[in-house]
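Chain order of the listed sequences is A and B. In case it helps, my numbering puts the first sequence at residues 1 to 404. In case it helps, my numbering puts the second sequence at residues 405 to 808.
A couple of the hints might just be wrong.
Here are the simulated distance ranges between beta carbons [what the hints assert, rightly or not]:
| id | chain 1 | residue 1 | chain 2 | residue 2 | range |
| --- | --- | --- | --- | --- | --- |
| 1 | B | Arg-789 | A | Arg-316 | 35 to 43 Å |
| 2 | A | Lys-171 | B | Pro-726 | 46 to 54 Å |
| 3 | B | Ala-604 | A | Arg-316 | 12 to 20 Å |
| 4 | B | Tyr-466 | A | Lys-52 | 52 to 60 Å |
| 5 | B | Pro-726 | A | Lys-97 | 31 to 39 Å |
| 6 | A | Pro-71 | B | Val-446 | 42 to 50 Å |
| 7 | A | Asp-279 | B | Lys-567 | 55 to 63 Å |
Below, simulated DSS-like cross-link-like pairs (lysine-lysine); rule was C-alpha separation at most 30 Å, straight line [said to hold, decoys possible]:
| id | chain 1 | residue 1 | chain 2 | residue 2 |
| --- | --- | --- | --- | --- |
| 8 | B | Lys-407 | B | Lys-535 |
| 9 | A | Lys-171 | B | Lys-647 |
| 10 | B | Lys-575 | A | Lys-163 |
| 11 | A | Lys-163 | B | Lys-647 |
| 12 | A | Lys-304 | B | Lys-647 |
| 13 | B | Lys-621 | A | Lys-89 |
| 14 | B | Lys-575 | B | Lys-621 |
| 15 | B | Lys-407 | A | Lys-217 |
| 16 | B | Lys-647 | B | Lys-504 |
| 17 | A | Lys-89 | B | Lys-535 |
| 18 | B | Lys-686 | A | Lys-217 |
| 19 | B | Lys-708 | A | Lys-217 |
| 20 | A | Lys-131 | A | Lys-171 |
| 21 | A | Lys-300 | A | Lys-282 |
| 22 | A | Lys-89 | A | Lys-171 |
| 23 | B | Lys-647 | B | Lys-567 |
| 24 | A | Lys-171 | B | Lys-708 |
| 25 | A | Lys-217 | B | Lys-493 |
| 26 | B | Lys-407 | A | Lys-163 |
Hint data in this document are derived by calculation from the structure and do not stem from the laboratory. All residues carry an ideal CB built from backbone N, CA and C; glycine is no exception.
There are 2 protein chains.
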Amino acid sequence: MSKYHPLSEQEAIEIARGIEGFFPADAALSSKEIGDGNLNLVFHITDSASGKSLIMKQALPYAKVVGESWPLSLDRSRIESEALILQNKLAPGLVPKVYKYDPELALTVMEDLSDHVIMRRGLIDGTVYPKAAEHISTFLANTLFFTSDLGMNQQDKKVQLGKFINPDLCKITEDLIFDDPYTVSSNNNYEPSIEDAAEALRTDASLHLEVAILRDKFLTKGEALLHGDLHTGSIFATPESTKVIDPEFAYYGPMGFDVGAFIANLFLNYAGQEHWIADEAKRREFRAYLTNTVRDVWTKFEAKFRALWNEHNVDRISRDTPAYQDFYMNRLLQDAVGFAGCKVVRRIVGLSHVADIDTIPDAAARERAQRMALRIGTALIKANRGVRSIEEAIDAAVTAAEQR
Amino acid sequence: MSKYHPLSEQEAIEIARGIEGFFPADAALSSKEIGDGNLNLVFHITDSASGKSLIMKQALPYAKVVGESWPLSLDRSRIESEALILQNKLAPGLVPKVYKYDPELALTVMEDLSDHVIMRRGLIDGTVYPKAAEHISTFLANTLFFTSDLGMNQQDKKVQLGKFINPDLCKITEDLIFDDPYTVSSNNNYEPSIEDAAEALRTDASLHLEVAILRDKFLTKGEALLHGDLHTGSIFATPESTKVIDPEFAYYGPMGFDVGAFIANLFLNYAGQEHWIADEAKRREFRAYLTNTVRDVWTKFEAKFRALWNEHNVDRISRDTPAYQDFYMNRLLQDAVGFAGCKVVRRIVGLSHVADIDTIPDAAARERAQRMALRIGTALIKANRGVRSIEEAIDAAVTAAEQR
C-alpha cells in the first residue's frame, strides 16, 4: 500500500482523465470533494462541455467522525467495489456502474448519480417514491438469494464468504447498533431531554435479551452477502429510478439485516414527520405512504424471493421441502423486524443520527419525534420473535408510535 | 504443491528421522501404513530399541471410498494441523501433540497414541470409560467457547473463521448427513431388510423440515471452530485418558454439531448392544452407562461452558444479559439433540456406517439394532426444537428405542 495517500482534487482529475474513452481527450475537467460521510473522500469530476461526469470514492484509513483515532482497513474499498460489481450483475441497474478500481489507492471510480436525490433527503421533503418498494425489493431478493446457499453452489459460497470478511466495518455495527445504545458509552449521543427514555433502554432486561439474540445472528449467521448499511442515506432515488450505493459494510450476514435497515429508516422518517409536514391530514397521508412502503417492500420482497426459490434454486433440500420455505420466510421476516427496531433505536441515542429527526429545528417537536422513534424501535425489537406477518409488525410500530 | 506425492513407507521413515531430537540417531526405524480411513495415509513409525514411536498422517487428494473420482483439497491437511495445534492450546492433553507439519506434502507428524484404543472399538467390547464424559466435555467447552464470539475477540474470530473455510470436507457432511438419507441416492447403503424404514425417511415431511432447519445451521451458523467429525471413531481412549483425533473436518459451524456427534455415537452403540452383550441384565446395565454418559457429557459441558461464560467472557453483552446465557444454552442443547439424530440416521442408511452395528454377525440382531437406531435418530430429530433438558432428549431416545 506504499502508493496510498489521500488524493488531492488535482490528482483526482488526473486519474479521471486516465479512464479510457470516458471524457473527451481535451476536456477541461473540474473536481469537487463532496464527501459528507465519515469514512471516505468523494470526488465529483465533471466536464461541463460534454456534460459527462463521474464519482471517485477513496477510502480513508480512519473514521473521520472520531478523528484519526479509529483506524479502518482500506480493504473495505476492495469489498465495496467487488460488492458493487456483483450487485450490478445480480440486480442490474440498481447500483452505480464501476468504471475502475485501484486497490493501492483504495479508490473506486463509478457512475455519477447526481441527477438522483438521496432518498432520506427526498423523504424529509415529503417526496413520494412510487417505484422504491419495487426496486428495493428486487435489489434485496436478487442480491440475497443469489449469494445464499439457496441460489449459488454451496461450496463456492463458502469461498465467497471468505472474500467478504470485513472485521473493521462489522465492528462499527456491533458497537454502535447492538451495544452502545443499551449501556453507558461515550459513543452515545442524545439530548438531555430524553435522558429518561435513554435510561429505560439501559435497564430493560427483556429488551437486552432480544438485542443479544439479534446481535448473535449478526455475529454468526452467514446467510448471504449483505449490503450491510441499507438505510435511506445509501439510496439515490428519483420517482422513476432507485440506486443503492455505498456497500462498504458488505459481509456475509443474516438477510433480515438488510431488509430491516430499509424498513427502519422509513419508520425514522415516519417519526420525523412529527415536524416536517405541519398539516395533520397531509402528515397522516404521508405516514400512510411510509407504512404502505414498509408493507410493499416486504410483500414484494417475499414474493420475489419465493419465486426465485421456486425457479432458480440450486439446492435439492430447499426445493423438496415446501414447509421449509414458509419457515424460512417467517424467520426472515422476524429477523427483519428485530433488526429494524435496533436500527431505529440507535439513530436516536447512539453515535450516528439521521437528518429526518436531528435537523428538526423545534426542540419540542424534535423530542416528540425522538420519543416516538424509540417507542417504535423498542416495539419492533420486542415483537420480533413473535411476528407472523408484516401487518403485525406495522401494527406494533404504529400502535407504539401513537402512545404519547 | 509440486513436491506432493503419496509417500512410501521408506520415505516416511526418512522424514521421521529428520524430526530433530525425537529418535536416537542410529535408530532402526520401521514403518507400517495403518490407515483404515478413506481420506489419508497413516504411517506408524517405531523404534523398537528405544520404544519411541510417532504417527505421520498424509492427506490423499481424493476420497478412497469412492475411488479417485471424489477429489478432495489437500488444504484439509493444513486445517487439521492448525486445528490440532489450537485445540492443544485450548484443551491441553486432550489431542495428540503435533511435531511437524509439511504443507507441500500435506503431512502432519504427531504423537503416537497406540497405547490407547479407538473408543468405538472399546465400547463394542463393553469397555466402560469413566473419564470420557469429563474429558470430552472439557474438550467441547474449551474449544467451542474460546473460538466463539464469547471467548475471543470478535474481529479476530472473523479472520480465524476465514482460515478454516473447508468447502470439500463440509460438502461430505452436507451430502452424507443432511441430504442422501432422505432421498433416493446412489450414495445410500443399507440392507434390503430395512427398505420400509429407509422409505419412511424419504417420505416424512415433518422430518424433512427439521433436517432442513438443522442443515441450514450447518451451512450458515459460524459459531465456533468445530472438530467437525467428533464420533467415537475419532476418539482414542483408555479408562484414564481421552484424546480427540482427526479434526480435518474443522470449520466454523454450530457448536451443537460437535456435542451431538459424540451423543449420536453413544446411542449407536446403545442400539448395537442389541447383539454385543447377550446377557440381558448386563446389556441393560451397559445401556444405562451409555445414557448416563450422554447425560454426563451434556451436564458437564453445560456447567463448564457456563463457568467459562461467567469467568472468561470477553464480551460485554453476554456478560450483562443473564437471560441470554439460559437462552443460548437451551438452543445449544436443542441443536445438539437435532444433530445427534441426523448423525444416528445417516450411519444406518447412508454411505458410511459404524462397526457398532455393521459388524453384528447375526442378521436378525443387526436388523433390530438398525431399526432401533433409526427410531432413536428420528425421535431426536423430531424432538430437537422442543427439548428443554437433556433428560427430555434421553427420554425421547430411550422411549423410541423400546418401541419394537
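Going down the list of hints, with the structure as the test:
One distance hint, 35 to 43 Å for the beta-carbon pair Arg-789/B and Arg-316/A, is violated here, with the actual separation near 22 Å. Checking the proposed 46 to 54 Å range against Lys-171/A and Pro-726/B shows it is violated: the Cβ atoms sit about 25 Å from each other. A hinted range of 12 to 20 Å holds for the C-beta pair Ala-604/B and Arg-316/A, which are about 19 Å apart. Between Tyr-466/B and Lys-52/A the beta carbons are some 55 Å apart, a value that agrees with the proposed interval 52 to 60 Å.
Distance hint check for Pro-726/B and Lys-97/A: the Cβ-Cβ separation is about 50 Å, which falls outside the suggested range of 31 to 39 Å. Range check, Pro-71/A to Val-446/B: Cβ separation about 46 Å, and the 42 to 50 Å hint holds. The beta-carbon spacing between Asp-279/A and Lys-567/B, approximately 59 Å, falls within the hinted interval of 55 to 63 Å. Proximity of Lys-407/B to Lys-535/B is assessed by CA-CA distance (about 43 Å); at most 30 Å being required, the pair is judged violated.
For the hint pairing Lys-171/A with Lys-647/B, the CA-to-CA distance comes to about 37 Å; that exceeds 30 Å, so the pair is violated. Of the supplied pair hints, the one linking Lys-575/B and Lys-163/A holds, its CA atoms being roughly 19 Å apart against a limit of 30 Å. Between the alpha carbons of Lys-163/A and Lys-647/B the distance comes to roughly 34 Å, so the proposed pair goes past 30 Å and is violated. Among the hinted pairs, Lys-304/A with Lys-647/B is inconsistent with the structure: their alpha-carbon atoms are about 50 Å apart, more than 30 Å.
Between Lys-621/B and Lys-89/A the alpha-carbon distance is near 28 Å, which keeps this suggested pair within the 30 Å criterion. About 14 Å separates the Cα atoms of Lys-575/B and Lys-621/B, which keeps this hinted pair within 30 Å; it holds. Straight-line distance between C-alpha atoms of Lys-407/B and Lys-217/A comes to about 43 Å, which puts the hinted pair past the 30 Å bound. For the hint pairing Lys-647/B with Lys-504/B, the CA-to-CA distance comes to about 18 Å; that is within 30 Å, so the pair holds.
Distance check on the hinted pair: Lys-89/A and Lys-535/B sit about 56 Å apart at the alpha-carbon level, beyond 30 Å; violated. With a CA separation close to 47 Å, the supplied pair Lys-686/B and Lys-217/A exceeds the 30 Å bound. The suggested pairing of Lys-708/B with Lys-217/A holds, with an alpha-carbon distance near 24 Å, which does not exceed 30 Å. Under the criterion of a C-alpha separation no larger than 30 Å, the hint pairing Lys-131/A with Lys-171/A is inconsistent with the structure, at around 33 Å.
Note on Lys-300/A and Lys-282/A: the hinted pairing holds, with a Cα-Cα distance of about 26 Å set against a maximum of 30 Å. The straight-line distance between the Cα atoms of Lys-89/A and Lys-171/A is roughly 28 Å, inside the 30 Å bound, and the hint therefore holds. Restraint check: the Cα-Cα separation between Lys-647/B and Lys-567/B comes to about 24 Å, which is no more than 30 Å; the hinted pair holds. With a CA separation close to 28 Å, the supplied pair Lys-171/A and Lys-708/B stays within the 30 Å bound.
Taking the CA atoms of Lys-217/A and Lys-493/B, the gap is near 28 Å; set against the 30 Å cutoff, the hint holds. For the hint pairing Lys-407/B with Lys-163/A, the CA-to-CA distance comes to about 28 Å; that is within 30 Å, so the pair holds.
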